[in-house]
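Participant: Knowing the structure of chain E, use the given hints to seat chain U on it.
Below, each chain spelled out in residue letters.
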Amino acid sequence: MHTFVAYVEDKPGVLTRVASLFRRLNINIHSLTVGRSERAGLSRLTLVCEASAEAGHRIQASLYKLENVVDVDDIAQAPSVTRELALIKVAATHRSRSNIFELAEVFRADIVDVATESLTIQLTGVESKIEGLIQVLEEGENHILEICRSGKMTMRRGHHTSGVLKAMSTGVDEPAEQDDEPVEDGAAEPE
Amino acid sequence: MGTKAKTHEPSHPPTRLTGAEIVWATLEGEGVTQVFGYPGGAILPVYDALRKFPIHHTLVRHEQGAAHMADGYARASGKVGVAIATSGPGATNLVTGIATAMLDSIPIVCITGNVSSKVLGTDAFQEVDITGITLPVTKHNFLVNRAEDIAAAIRYAFQIAQSGRPGPVLVDITKDAQQATADFDFAAAKPRPHRPHPMLKVEEQGLEQAAELIRNAKRPVILAGHGVIESGAEKQVYALAERAQIPVALTLLGLGGFPASHSLNLGMMGMHGEACANHAIQDADLLIACGMRFDDRVTGTTSTYAPKAKKIHIEVDPAEMNKNVKVDVALVGDLSEVLERLLPRISGRDGSAWLKTIDGFKSETAQRDIKNLADSGHLYAAHVINDIWRITGGNAIVVTDVGQHQMWEAQYYHHERPRSLITSGGLGTMGFALPAAIGVKFACPDKEVWVIVGDGGFQMTAAELATIVQEGIKINIAVINNGYLGMVRQWQEFFYEKNYEATPMVSPDFVKLADAHGIAGLTVRTRTEVAKAVEQARSAPGTYLLNFKVEKEDSVYPMVSSGSSLHEMIRRPGK
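If you read the sequences in order, they're chains E and U. Mind the numbering: the first sequence is residues 1 to 191 in our numbering, read in order. Mind the numbering: the second sequence is residues 1 to 575 in our numbering, read in order.
All clues given are correct.
Non-contacting residues of chain E with respect to chain U, defined by C-beta distances greater than 10 angstroms in every case (computed):
#1 5
#2 77
#3 108
#4 158
Each pair of labels, with its calculated beta carbon distance range:
#5 U:205 to E:127: 35 to 41 angstroms
#6 U:51 to E:40: 41 to 47 angstroms
#7 U:348 to E:157: 50 to 56 angstroms
#8 U:296 to E:166: 35 to 41 angstroms
#9 E:166 to U:119: 43 to 49 angstroms
Please keep in mind that the hints were generated in silico from the structure rather than gathered at the bench. Quick reminder that beta carbons are idealized off the backbone N, C-alpha and C, glycines included.
The shape of chain E in the complex, shown without the other chains (with noise of 0.2 angstroms):
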C-alpha cells in the first residue's frame, strides 16, 4: 500500500483526473480524502492505493505530470499521524445497548445517535482501530446496520514542508533551516 499526500489545485475535474490517472495506471485506488488545506486556492488529497514497492516512483512522476497537482509527497515509511473517521450504526435495543456503551467506552468512541432500534458509534484513529471495534461488534452478534468511513487522512509528524511547496511560500512562517527535505524521487541508486 503507498499513501500520497497531495496538493491540488482547488478547480472543478481534478478530482476525476487524478482518478483517471489511476484507472490508466491500471492501480487501485483504495481509499482517496480530499479537502482544504492551509493554502487559498489549494486542495489537500490523501489517496491510498494498492501497488507494488518500486510503482511509488512511477506515480509520483506520474501524478506530477498532472496540470492541477502541485505538490505530491510519497509518505512511504516516514513517521506521520494516520487517522480515519468511522460512524457506525448498530441496531440496539433498551436491552443491549449498555453493552455496546462498555465497547465503545474501551474504545474511546463516542454514541452520537440512540434510537429504539439502533444507536450509531463514532470513532476516530487508525485503521487497526477502526477494524479492531467493528471486529469486536461482529463478534458479539450485534447486527451492524451500517458503516460509514472516511478513508485515511495523513500528515508527516514534525515540520516538513517540500522543495516545492518552499518554492511557492505565500508568507506562511517557515523555522529557519528545519527539515528541508527535498522530494524523493526515487532515481535507481548506481551499483
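Facilitator: Frame of chain E; chain U shown alone:
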C-alpha cells in the same frame, strides 16, 4: 527543443472581440498559419470568424483525418499542429488521432465546439463530454464557457503541448462562449511560466558515473529514440558516437536521428529490428539510452533483455525512469542539455574490437537480407520500398501507415536526417498515413512527400484523397497491396497455424478510386516496372497513386515474437 513558432502580437491592438474571433486571434498570436478541421453547428461561430484572419483552413473528410493532419504537421515541422471540430461526433472522431499523438508525444492542440453552457449536461443535440472522454489521452484539456477565458486557455494549451514531454491538448469551447464578447489582450493571456517537472534530476555524480561507465565499457551501444528528434539532440548524439566510437541502434521513431549511412549505425532494434542491432544489445556491457522508453516492441521479454549490460538512461519524463527496465544511472532531463554536460567528460576511445564483432553481425544479416536475395520474378514490398529509397536519393519525407509495410520501410528506406520518417509507433494507428502526409506537405511544401501504405490502412482514411484534390497539393502514394491484413496474417501464419480468419481482404481498384477523385495512378505488378513507375509518379505535376500488387504471403523478418528474448529472432528461412 524542436523549432517553435515565434509568438507575436497579432495585427490588431487589444480590443473587444467575440469569443470566436478571440480563438483565431490567439492562434494567430501563437504563430499558427494552418489548421485542419470540419465545421458543425457547435463550432459555427468560430468558422464564421475565420475570414477576418490570415490562417489557412483545410477542410477534411473525417475528423480523424484532421487530427492526423495536425499530428503529421507537427512531426514534420516541430511546431504545434491544430485541428478543429464540432461537438458530439465531430469531437469523438478526433479521439483516435489524439491518442495517436499522445502515445508518440506529439504536440497538437484540438479545438472543439460544445453546446451552450446553459444546456451542458442535459444530453443536448450533439453533446458529449469530450473533456471526460479524452482525459487519459491528452496531457491536459480545458472546458471553456466564457469568452474572457478563451485566450488564456488556448495560450496555456500551446504551452502544455510543447513543454517537457510534448503531447496533445484539447480545448472545448461552448457555443455561447464563442458568441459572447470579451476584451482580448494576447500578452495578458500568457500563462505562468512552465513549471518543470519537480523530479527532473541531473547531478554531477550521475554525469561522472555515466562518463566512467562509458570510459570502461568494452561493448557499448547507444540506443537512440524519439527524444533525439524531439529534443533536437542529433548533433550531440553524433558527437558522442563518433568521439567514443560507439555504435548506435534506433527505435522506430528514432530513425533519422542518426544518419543511416554512418558506419556506426546499426539500424532499427526490436521486434522487427535488424538482427545485428539486437545481437549487439544482447551482447553489450553498456547501453546508453537516449530519449527512448524501453517499449515492449524494442526489448522483447524484459527479464532477459541486455543481460550483461549496465544501463544509462537519459530521459525527460521522470515517469519513464525504471518503468520497464531497471537502469544504473538515471539522468532525468532534456536530452540535448544533458549530452552537452556529458560530452566534455567523454574522450576518444578505441572501440575497434567491439566494432569488428559488430561487423561480423552485420555481414551475417546481409546474407539473409531480402535486398541481397534474388526476387525470382516476385514483387516483394521490401524491393519496392528499397527502390523508392534509391530513386528519391533518400531525400523524401516518408509517411507510413501501420503494418508489414511499415516495418519494411523501417528496414529498407534509409533515413539520414530527423523528421524524414513520419509513422505511428506507440498507438500503431491504421489510416494514419494519408492524412498525416497532407499535414506533412503543408508543413514542408517544398519537400517530396511519399505515402507508403497497405491496402488495409489505405481504405480506413481513403476519403482524404478528396482533401488532397481540394487543396491542390502533390503527394506520391505507394499502396503496398497484398490482399491481406498483412501483419495480422503473419501472426496467424506463425502462431495460429495459418488460420487466416478475417484477414483476406477484397479491395477496390485503387487506381480507379484515385481516378474518381481526379488523381492519376498506375498499377505495378512486376519488379521491372517499379523504377519507371516511381519516376512517373515523381515527375507528375499532381498527386500520383501507385498500386503495387505485391507478394501475398510475405513475412517481415527478423521477428521477436511475444515472450521471446531479443536474440531469439525468427529469421528468414535460409536460401
